[in-house]
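2 protein chains.
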Amino acid sequence: MGEVYWSCKPYAERVDHGQSDDTVDNNLEGQITEPELAVYTCEINLKFRLIEERQVIYNRDQLLERLLDAISCGADRYLEPIAADVQALEIPDLEASPQMRRQLILLRNSTDT
Amino acid sequence: MGEVYWSCKPYAERVDHGQSDDTVDNNLEGQITEPELAVYTCEINLKFRLIEERQVIYNRDQLLERLLDAISCGADRYLEPIAADVQALEIPDLEASPQMRRQLILLRNSTDT
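Chain order of the listed sequences is H and Y.
According to the working numbering, the first sequence is numbered sequentially starting from 1.
According to the working numbering, the second sequence is numbered sequentially starting from 1001.
Treat the hints with care, as some may be off.
Which chain H residues face chain Y? A few, computed with CB under 10 Å, are given here [to be verified]:
1) 10
2) 36
3) 67
4) 76
5) 80
6) 94
7) 107
What the hints contain is simulated information worked out from the structure, not anything from laboratory work.
We put the CB at the ideal spot given by N, CA and C, even for glycine.
Please construct the entire structure, taking both the sequences and the accompanying hints into account.
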């Protein structure tokens, strides 16, 4: 998608601001930024021009899937990127859903052994 | 991606408002909305939570591609959709780039024969 605006933040970077207690900071860093796996809130914003068939564009159920397929093929004579913005923000495990936390525990345990 | 906010507009629908000259409207419709192929400005906005490895998230060059790969697998224990918004707005051929217009002519001619 050409030039991509990119932004990633670990959780520790967010909570550092305004923290006066160093002990709390260190604890958070130890708990959250050390593991290789983490939960991220991701946002993708893409804008592009596309030559497409009418029946694809007006198919509400499949449009997103088709557009993502088109993007995965990259820029060509059918697709011209206009803007791309991707952000990933690490969240503390406890803010994730129970299902995700369970999966995270499972994955971390399986990589430890 | 679960519930997708979806919006599509043909060019004619945009220019109809405030038009007082019926002849112009008819001409535009005849030129722009009849062909099966058209150029669209598309916008995709996706927000989701993802379990991912740190080295993937902090790889600026590959993050977008990896996130799109993750989305194409659908929601599971690794990915939870938060919001999805997809919009497609038909633009008049003359607003497209020369490369796209050439491709459009080529495609329309090839489907006519």
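(request) Check each numbered hint from earlier against the structure, then list the numbers of those it violates in ascending order. (result) 6
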